[in-house]
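Asker: Here is what each chain is made of, one letter per residue.
Protein chains: 4
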Amino acid sequence: MKVLKNKLALLVDDEQGTMRGTAFFEYFISALIVANMVAIVLESYEEIMPVYGDWLMNFELFSIGVFTVEYLIRIWVSDERHPELPAWKARWKYMTSFLGLVDLLAILPFYLPYLLLMDLRILRSLRLFRLIRLLKLNRYFTSLRLIRNVILKTKNEIAVTVFLVFILLVLASTLMYNIEKQAQPEAFKNIGESMWWAVATLTTVGYGDVYPITGLGKLLSAFIALLGIGIVALPTGIISSAYMEEFRELKGKTTSCSCPHCGKEL
Amino acid sequence: MKVLKNKLALLVDDEQGTMRGTAFFEYFISALIVANMVAIVLESYEEIMPVYGDWLMNFELFSIGVFTVEYLIRIWVSDERHPELPAWKARWKYMTSFLGLVDLLAILPFYLPYLLLMDLRILRSLRLFRLIRLLKLNRYFTSLRLIRNVILKTKNEIAVTVFLVFILLVLASTLMYNIEKQAQPEAFKNIGESMWWAVATLTTVGYGDVYPITGLGKLLSAFIALLGIGIVALPTGIISSAYMEEFRELKGKTTSCSCPHCGKEL
Amino acid sequence: MKVLKNKLALLVDDEQGTMRGTAFFEYFISALIVANMVAIVLESYEEIMPVYGDWLMNFELFSIGVFTVEYLIRIWVSDERHPELPAWKARWKYMTSFLGLVDLLAILPFYLPYLLLMDLRILRSLRLFRLIRLLKLNRYFTSLRLIRNVILKTKNEIAVTVFLVFILLVLASTLMYNIEKQAQPEAFKNIGESMWWAVATLTTVGYGDVYPITGLGKLLSAFIALLGIGIVALPTGIISSAYMEEFRELKGKTTSCSCPHCGKEL
Amino acid sequence: MKVLKNKLALLVDDEQGTMRGTAFFEYFISALIVANMVAIVLESYEEIMPVYGDWLMNFELFSIGVFTVEYLIRIWVSDERHPELPAWKARWKYMTSFLGLVDLLAILPFYLPYLLLMDLRILRSLRLFRLIRLLKLNRYFTSLRLIRNVILKTKNEIAVTVFLVFILLVLASTLMYNIEKQAQPEAFKNIGESMWWAVATLTTVGYGDVYPITGLGKLLSAFIALLGIGIVALPTGIISSAYMEEFRELKGKTTSCSCPHCGKEL
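If you read the protein sequences in the order shown, they are chains A, B, C and D.
In our numbering, each number is its position in the first sequence, counted from 1, plus 46.
In our numbering, each number is its position in the second sequence, counted from 1, plus 46.
In our numbering, each number is its position in the third sequence, counted from 1, plus 46.
In our numbering, each number is its position in the fourth sequence, counted from 1, plus 46.
Just chain A, with the same shape it has in the complex:
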């Protein structure tokens, strides 16, 4: 029993585990998560459900089974990773960690109707929560760390940029609403609808379902579209700088150097 637990602890541990089984286990869970996504996409096809509906339901039951077993194992062996803590504390620590909650939320929507004896009709919308399973992949992406560091480092400036964009959207859509509401009472019915135009213009998406037709409206639209270029430049500049810093720190700057003029070591 003790040996089995030890082996399982190594199996599900993605950081220390070096057994051959660990890599296999990781690939298996990753593949299952991706297959779950594919299943969600397939279920939305009307042509597919009558033919493969049963197959997809069985696959869902199989996935729930695997994820439930995985969750229970992770709870069970979590005291191995924190031998300094009492067993229940180590387990509680895992269960309330970010990845522990993701593991729970990935299976909970399936059990909830049975637990709460709710109407089965509401089960349908709960299916969407299966998307949370994608977050389980998080565990295996160490390469994400650099990008995460950069985003964390720049989160203040990004937040200010988002705030500036929001202010700009409110200003632009209020002005446009007042300019266009008489020419296009339907498309610019209120400032909320006007904001739909503002987002499409500032992000340069430009679906083409709403656009100004008056001269003044076109002038404002042109101005906002040109500002959109600057809006792209701001976060890009911020993120570029943060990347450079991160790169330089990773490289470890201890290369000793010699003067290019006299050749002496510094």
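Careful, some of the hints might be misleading.
What the hints assert, rightly or not - With a Cα cut of at most 27 Å, we get these calculated DSSO-like pairs of lysine-lysine:
hint, chain 1, residue 1, chain 2, residue 2
1, D, K264, A, K264
2, D, K48, D, K135
3, A, K199, B, K199
4, D, K135, C, K227
5, B, K227, B, K135
6, D, K199, C, K199
7, A, K264, A, K235
8, B, K201, C, K227
9, C, K201, C, K135
10, C, K201, B, K199
11, D, K201, C, K264
12, C, K199, D, K201
13, C, K264, D, K227
14, D, K264, A, K235
15, C, K264, D, K264
16, C, K199, B, K199
17, B, K264, C, K201
18, D, K201, C, K201
19, A, K201, B, K48
20, B, K139, A, K264
21, D, K53, D, K135
22, A, K48, A, K139
23, B, K199, A, K201
24, D, K53, A, K235
Claimed, not checked - Quick list of the computed label-pair ranges, beta carbon to beta carbon:
hint, chain 1, residue 1, chain 2, residue 2, range
25, A, L102, D, L217, 18 to 28 Å
26, D, L262, A, K51, 46 to 56 Å
27, B, F74, A, Y98, 55 to 65 Å
28, A, A205, D, L210, 29 to 39 Å
29, D, K235, A, L118, 55 to 65 Å
30, A, E92, C, N202, 45 to 55 Å
The set of hints was computed from the structure by calculation and includes no laboratory data.
Since the model is a prediction, treat every value here as computed from it, not as a measurement.
Idealized CB from N, CA, C, for every residue including glycine.
For this one, chain A is given, so just place chains B, C and D on it according to the hints.
Answerer: Below, chains B, C and D alone, put in the same frame as chain A:
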């Protein structure tokens, strides 16, 4: 009286004020400004006005009251911040500062019709000036400083880029007008209308209401759209570089040195 | 005569000239160039020509007069700037310089019909050459130098990027033509038309006049659109780096530095 | 014979060859490749085929001939470049190299029907493989090396970005499918169709054939479009940083040193 004035001076002073009231006062004014924005958006909904119209009007009166009191207090206590100046000079200094003018313009549109005995019909368009209140938020965003520094540092290059974009827009729309006016006399009626196409293409918004249909027009459009990529690259590059400089200066790193042996620059 | 020539040489010289008249002369010519652009735009409005047509024609005659006199003066005084050369050589040097040719081309289209005794009908299309006058502004923008340096520095990489984009456009439009020609024989009539779609997608303009409707076509379109993001990233990265280098060189890196750990001067 | 082989080896060798013929040979092959592309484009024009069809077929035969001879020569002389290897090994090395395979694939589709005695109808779709000839240009672009280095250096981060984009697309389109399927059962028929909207929005292409019409859908669309700006910023920042590093390494600059007094890193 003197004590009260002192307390109020600390209360409205967002830089030195450390009393607990200061933070509360700042949050209260910020929340009121944001609520004002929401009110402007809500007023534009036809469904909302008949039901909540009175409530929104009362909220506007309340806001005007708070902002007026705030403005008067700021005038009154401004001599506390500049003890070296005579009282009227310190007050005049505040009233003509950028934030002082914003504070005034945020409430003036409400009083103007009464002051000038104007027709009340014009009052409607004055309501738009309430958007100026958003600029009052400026006071509380110290994080904006980095972004403002970067923009100020690059303002010459940005201005040149804007000028280049403008020249490009005039050139492109004059050419396109001559190419397309016979195939689409309505969409490319004059160079002004043609410029609407030029902006939509250069900024890559592409609403799809105006686009060339002749072969030559499509060629020009493709060329302008590809140039649009370069137009995005220019300000992005400028802003990225300025950010890097700003970061490095903040960190207090010396960027380069001279060799201690021969004295030449490295 | 000699004195007048000297004064004129200083007047039109935008680099050495320090007289008060020089700045005035520069502003006058710049304003005239901008006014010429405005006139070209105005002439395209059908409503304006019958009313202000005579006025615009007179303005054109006035502009031609000023630019002709300016050109003749510049030829006359160009030997002052190169006293080491014989007079005719100095003049020929100016006339064949880039700005000298621009000065000539800005007025030539007006005189050409008289010189060649051509039909006046062709005069219409020659009017477009008046756009060349914008290039005269080039003389006064010293701030453009930084941007020009950056573009020159990166011209090899930009050229390679343009080449890659071109290859990508040919590949994408050939594939899309083969995929969509049966579903939309009108929109994807040949590879030329298909390239119109490719440009709109790769530059993310997306007018919406042409888009794939088959599943495979949408897949290719999605792939090209995502590549479009990379296409924006390449020149932006190139230009950012070049800017940084340029900035660093401008700053002169001779700031002596001390070790942040022991405080000693290096 | 030996002399001819030596000459041919120098002729086709784009790295060591310095004879006048080498440059000519390179330009000739490059021009032929570009002309092949133009021919593919021209063949798609219905107006052109009846008139110039024979000419284009002859040009194709001529191209195949040249490329076949080039391929055979390259096989024959490849032992000259690797004198240390036995002849057959040197030849096999070329034939299995990337450029060797490209050279083969550029001509193989023409011979395949004769080799396999297949139906000639399938020959048509094989013509598309002629696009592979473009890759032959690869040989002559040494300037591509910097861009290739940058892409190779950043391939991990780019891959993670692509993965993030993919996750985001699946999430966005699943949500949008559930939001919009009742309002627009045709446009958002299944998650696959919904993904078409997601790509168009996230890349800011915005064709305008599919867009949300419900309030919640517009909110999600606005959110995704704003995220699109961040999606552009990520690869741009990554590539910018890599460029800077590459530039600095090319320049041979030591990026940082250690203090000569206390030995600590600066």
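Asker: Against each hint, give a clear statement of whether it holds in the structure.
Answerer: Here is how each hint holds up against the structure:
1. The straight-line distance between the Cα atoms of K264(D) and K264(A) is roughly 22 Å, inside the 27 Å bound, and the hint therefore holds.
2. A distance of roughly 19 Å separates the Cα atoms of K48(D) and K135(D); the hinted pair therefore holds under the 27 Å criterion.
3. Using a Cα cut-off of 27 Å, the hinted pair K199(A) and K199(B) holds, with the two alpha carbons roughly 22 Å apart.
4. About 46 Å separates the Cα atoms of K135(D) and K227(C), which puts this hinted pair outside 27 Å; it is violated.
5. For the given pair, K227(B) sits about 61 Å from K135(B) by alpha-carbon distance, which is inconsistent with the 27 Å threshold.
6. Of the supplied pair hints, the one linking K199(D) and K199(C) holds, its CA atoms being roughly 22 Å apart against a limit of 27 Å.
7. Only pairs whose Cα atoms come within 27 Å are accepted, and K264(A) paired with K235(A) is accepted, the gap being roughly 18 Å.
8. A distance of roughly 49 Å separates the Cα atoms of K201(B) and K227(C); the hinted pair therefore is violated under the 27 Å criterion.
9. Of the supplied pair hints, the one linking K201(C) and K135(C) is violated, its CA atoms being roughly 33 Å apart against a limit of 27 Å.
10. For the hint pairing K201(C) with K199(B), the CA-to-CA distance comes to about 25 Å; that is within 27 Å, so the pair holds.
11. Taking the CA atoms of K201(D) and K264(C), the gap is near 26 Å; set against the 27 Å cutoff, the hint holds.
12. Taking the CA atoms of K199(C) and K201(D), the gap is about 26 Å. The hint holds against a cut of 27 Å.
13. As the CA atoms of K264(C) and K227(D) are separated by approximately 19 Å, the hinted pair is consistent with the 27 Å bound.
14. With a C-alpha separation of about 15 Å, the suggested pairing of K264(D) with K235(A) holds against the 27 Å cut-off.
15. For the suggested pair K264(C) and K264(D), the alpha carbons sit about 22 Å apart, so the restraint of at most 27 Å is met.
16. Distance check on the hinted pair: K199(C) and K199(B) sit about 22 Å apart at the alpha-carbon level, within 27 Å; holds.
17. Between K264(B) and K201(C) the CA atoms are separated by roughly 26 Å; this keeps the pair inside 27 Å, and the hint holds.
18. For the given pair, K201(D) sits about 24 Å from K201(C) by alpha-carbon distance, which is consistent with the 27 Å threshold.
19. For the proposed pair K201(A) and K48(B), the alpha carbon gap of about 43 Å is over 27 Å, so the pair is violated.
20. Annotation: proposed proximity of K139(B) to K264(A) is violated, straight-line Cα distance about 39 Å (limit 27 Å).
21. For the suggested pair K53(D) and K135(D), the alpha carbons sit about 21 Å apart, so the restraint of at most 27 Å is met.
22. With a C-alpha separation of about 21 Å, the suggested pair K48(A) and K139(A) falls inside the 27 Å cut-off, and the hint holds.
23. With a C-alpha separation of about 22 Å, the suggested pair K199(B) and K201(A) falls inside the 27 Å cut-off, and the hint holds.
24. For the suggested pair K53(D) and K235(A), the alpha carbons sit about 78 Å apart, so the restraint of at most 27 Å is broken.
25. As the Cβ distance of L102(A) to L217(D) is approximately 20 Å, the hint placing it in 18 to 28 Å holds.
26. The given range of 46 to 56 Å is respected by L262(D) and K51(A), whose C-beta atoms sit roughly 47 Å from each other.
27. In this structure the hint that F74(B) and Y98(A) lie 55 to 65 Å apart at CB holds, the actual value being about 59 Å.
28. At roughly 20 Å, the beta carbons of A205(A) and L210(D) sit outside the given window of 29 to 39 Å.
29. The hinted range of 55 to 65 Å is not satisfied by K235(D) and L118(A), whose Cβ atoms lie roughly 39 Å apart.
30. Distance hint for E92(A) and N202(C): a CB-CB separation of about 53 Å, consistent with the stated range 45 to 55 Å.
The structure shown violates the earlier hints numbered 4, 5, 8, 9, 19, 20, 24, 28 and 29.
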